Structure formats: C-alpha cells, structure tokens
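If you want the building blocks of each chain, they are given just below.
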Amino acid sequence: MGEFFSLLLGAVVTFILAFFVGITYGGLTRIITARVQNRIGPPWYQNLLDIVKLFSKKTAIHHGAMHFMGPAFIMVTAVVSVLVIPVLNEGRWFPNLNFHGDLIFLLYIMTFGPLGMALGAGQTGNPNSAIGVTRGLSQMVGFEIPWVMALVALMIQYQTTSIVDLMTIQVETGTWIAFSSPFAFMAAVMAMFGMFRYAPFDIVGAPSELASGPISENGGKYLFVMMTAGSVFAFAKLTLYVDLFMGGADNLLILVIKTFALYMIPVLYGVINPRYRTEQAIRWFWGWPSFFGLLAILQAVFF
Amino acid sequence: MINDKNAQKIVDIIQNFARKHSIWVLAYGTGCGAIEIPPTMTSRYDAERLGVRGAATPRQADVLLVTGYLTVKTLKRVVRVYEQMQDPKYIIGFGSCTINGGMYWDSYNTIKLLDKYMPVDVYINGCMPRPESVLGGFAELEKLIAAGKGDGATE
Numbered sequence: 078m079g080e081f082f083s084l085l086l087g088a089v090v091t092f093i094l095a096f097f098v099g100i101t102y103g104g105l106t107r108i109i110t111a112r113v114q115n116r117i118g119p120p121w122y123q124n125l126l127d128i129v130k131l132f133s134k135k136t137a138i139h140h141g142a143m144h145f146m147g148p149a150f151i152m153v154t155a156v157v158s159v160l161v162i163p164v165l166n167e168g169r170w171f172p173n174l175n176f177h178g179d180l181i182f183l184l185y186i187m188t189f190g191p192l193g194m195a196l197g198a199g200q201t202g203n204p205n206s207a208i209g210v211t212r213g214l215s216q217m218v219g220f221e222i223p224w225v226m227a228l229v230a231l232m233i234q235y236q237t238t239s240i241v242d243l244m245t246i247q248v249e250t251g252t253w254i255a256f257s258s259p260f261a262f263m264a265a266v267m268a269m270f271g272m273f274r275y276a277p278f279d280i281v282g283a284p285s286e287l288a289s290g291p292i293s294e295n296g297g298k299y300l301f302v303m304m305t306a307g308s309v310f311a312f313a314k315l316t317l318y319v320d321l322f323m324g325g326a327d328n329l330l331i332l333v334i335k336t337f338a339l340y341m342i343p344v345l346y347g348v349i350n351p352r353y354r355t356e357q358a359i360r361w362f363w364g365w366p367s368f369f370g371l372l373a374i375l376q377a378v379f380f
Numbered sequence: 013m014i015n016d017k018n019a020q021k022i023v024d025i026i027q028n029f030a031r032k033h034s035i036w037v038l039a040y041g042t043g044c045g046a047i048e049i050p051p052t053m054t055s056r057y058d059a060e061r062l063g064v065r066g067a068a069t070p071r072q073a074d075v076l077l078v079t080g081y082l083t084v085k086t087l088k089r090v091v092r093v094y095e096q097m098q099d100p101k102y103i104i105g106f107g108s109c110t111i112n113g114g115m116y117w118d119s120y121n122t123i124k125l126l127d128k129y130m131p132v133d134v135y136i137n138g139c140m141p142r143p144e145s146v147l148g149g150f151a152e153l154e155k156l157i158a159a160g161k162g163d164g165a166t167e
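First to last, the sequence lines map onto chains P and C.
Note that the first sequence covers residues 78 to 380 in my numbering.
Note that the second sequence covers residues 13 to 167 in my numbering.
If you're looking for bench data, these hints aren't it; they were derived computationally from the structure.
For clarity, every value in this text was computed on a predicted model and none was experimentally measured.
Quick partial rundown of chain C residues pointing at chain P, CB under 8 Å, derived from the structure:
no. : residue
1   : I26
2   : Q27
3   : A30
4   : R31
5   : H33
6   : S34
7   : S55
8   : D58
9   : R61
10  : G63
11  : A68
12  : T69
13  : R71
From the three backbone atoms N, C-alpha and C, an ideal C-beta is built for every residue, glycine too.
Excised from the complex, chain P in its bound form:
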C-alpha cells in the first residue's frame, strides 16, 4: 500500500513539474520569437496568465458529447505519456509506470490525442475545423514515418523496446545514442519539427488561413484544458528525446538544460521560416528525414 501511495504522489509531482516547465518554455518561446522580430515580447509568465484567464471565462459552447471529449483525449495523452516516460536516470523522486515495451505503447498513445481531437473537431461542424483536421492528419502521416523509422532502428540495434533499458545502455557505455546512432537521431529531430507544429509546419493552426483550425469552436475552459495538456505534452516529448538520444539526465538542472536546448531547434527554425503548404510539408518529411531513417535502419541491421 505504501508503494502505491508513493507512486501516486510521484505521478502528481511529475505532472506539476511538467506543467510548470512546459508553460515556462512556452513563455520563453514567445519572448524569443518577439526578440527575433525586434519586439520586446510578453513576460515569461504570460502563458500562465492566459491559462488563468481562460479558466475564469464562462463557457457556453455545446456541440455534443464528442466535442466535449476532444480536449479530454488530449489531456489523457499528455498525462499517460508523462507517467510512462522516465524523468531522471535515478527514478527515486519521480517513480514511473514504465514497463517493457513502453516504446511501442508510446508510439500509439502519442497519436491518440490528435485523433481524439480530430473526432471532437468534426462534431463542431465548423468548416475550418474540418480543413484543419485534414491538414493535421496529413502532416501526421508525414512525420510519423521518419519518427517510427528512428525508433525501429533503435529497437533493432539495441534489441529492446524499453526506454529504461536504452537509458541504462547509454549510462553503461558512456556514449549518447545520438552519437552511436547519428542517423536515427537526425531523423527523430527532423520529425520533431512536425510534432511541435512551429513554422514552417504550423499548417494545422494557421490563424490567418483557417481561423486556428480544429480549435476554432473551442473557447474558454476548452482552451484551458488544451493549453495545459499541450504544455505537459511538450515537456513529455522533450524528456522522451533526452531519454532516448541524449543519455537521460542525472538531476533536474541537467534535464532542463538538455530539453531547452532541444526545444530551441524547432523554435529557432520556425521563427525564420514562413509556412509550408500541406503537400510541401509532407514532401519535406518524406525526403531527407525518411532517408536518414532508412540509413539508421540499415546501420542497425548491418553494423
């Protein structure tokens, strides 16, 4: 029973940590974007203020049961992935529910939220939502291929489907997988551009074209749930990348440094780029990223 409560407490602590780190990263991203555009930018806690405001708004939007559940699906994805992904190498403060095969489980659960959101957006009947969903699923078809290739390469090369095993291997050998399997790392990082949906891959939201796409009928508390889940999920994904490729982290400071450095790749690539069209985005993902993914699998099989 004591073990159960410590697991529960660890889950809550991990979630709160992921929320605050994710929301701070969101605010810092807005500052960095503003500085690139020669603006001052909002304070770093602006996203937190936005979330409190969204929560305090009255919400009277009714489109049916599926529309209610759309944000909930995103929240479920964020919470489950943050529970399965190990935060630190030594999991004393952040006990996780990881198990053998959690890498395959994550591959599925990470597409679960967007798919649930797509169903919810479909029920609103807003044409902008429908176009946004079409674009989002097309883009997912694009970036999932290099992403899955990179993970399959890791699974073949190290003969395991457990994240903890991959972390242990990196600690024992002393080299990051980013160096021992460079092609898998490159394919995964390029797939990350599509996952985070910054420019040039912000074709789903696209405020000036689609009126924010799938979320155009969601205001107030719906957006509150979505922004919270988005912050948590961003931290979960970054932690997964650090665990898989960059040797995990021994303490929180190292984790924050590594995840922030990783996060800046799509952000800084985004601020200097305009937006792709849908077919351009898919062609981009099926070009060099998929080629690197293929190289990674060849390296895993033959070397």
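Chain P is fixed; fit chain C onto it per the hints.
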C-alpha cells in the same frame, strides 16, 4: 461560485489580474480603421508585451474591436459575432465613426452611435486613432477590468 465573501474577493482579484493582462482581441475590420491594427501588433508598438494578442475566432476572444463605421447590414453580423463570444466580454469602439458617425454622419445606411446597439466599454477617438491612442484605449480597458466594471453587457 464560492459562498465565503472574503474568499470570493481573493479569487476575483486573481481573476481580474489575469484578465487584464491577457486580452485576446477579435478585430472586426469593417472600415478603414483596421489599417491601424497591424502597426499596433507588430514591432514598432508591440501590443503583445501588454498581453494583447489577436484571437482567430469569436469563441476565443475577450474583446471585440469594432474598427470604423457599421452599415445596418454589417451591424447584424457584428451582433452575431458578439453573441458567439464567451463571458466576460468587452467591446471597444474604434474611431469617430462609432461615436458620432464621423465622416458618414449624414449617410442613410450607416449607424451613428454604436452604444445604442451594443454595450461599448471604451471608445477610442480619432479618424484614424494612432497606435498610441489604441494602446491608451487598451490601458483604459485594463483599468475597468481591474475595477471589475468592465462588463458592459451586465449593466
């Protein structure tokens, strides 16, 4: 709602603080006034540092910015947009046209005084108001929100 009066007061302070520093604007660009919004938002005047940000749809917006004259036909659409917004919601009347008709004062198909049709919170005077006065209007709205008086609809 919380029954304890003091607790409710603290919650109100926190909520109003967040509301006044996070204003999502839906610009209804009917007239020429919409041309003053881009310089307000971009690097010269940078409204985002005050928490003012554009919203894509009425569902997500807090403030409806009516920029310029309204014909009788567009008034119907603006009221529909306003009804889709979620409480608490505010309206800013932008430019002389929303105050007294401006240069359309003797037109047969534009409305003269926006306040007769919709609950306006703040007017920004000018034809056109410069970005400084737009930011001044937002500052005025922030004062109203902080005092808890901003909700023109509940009057």
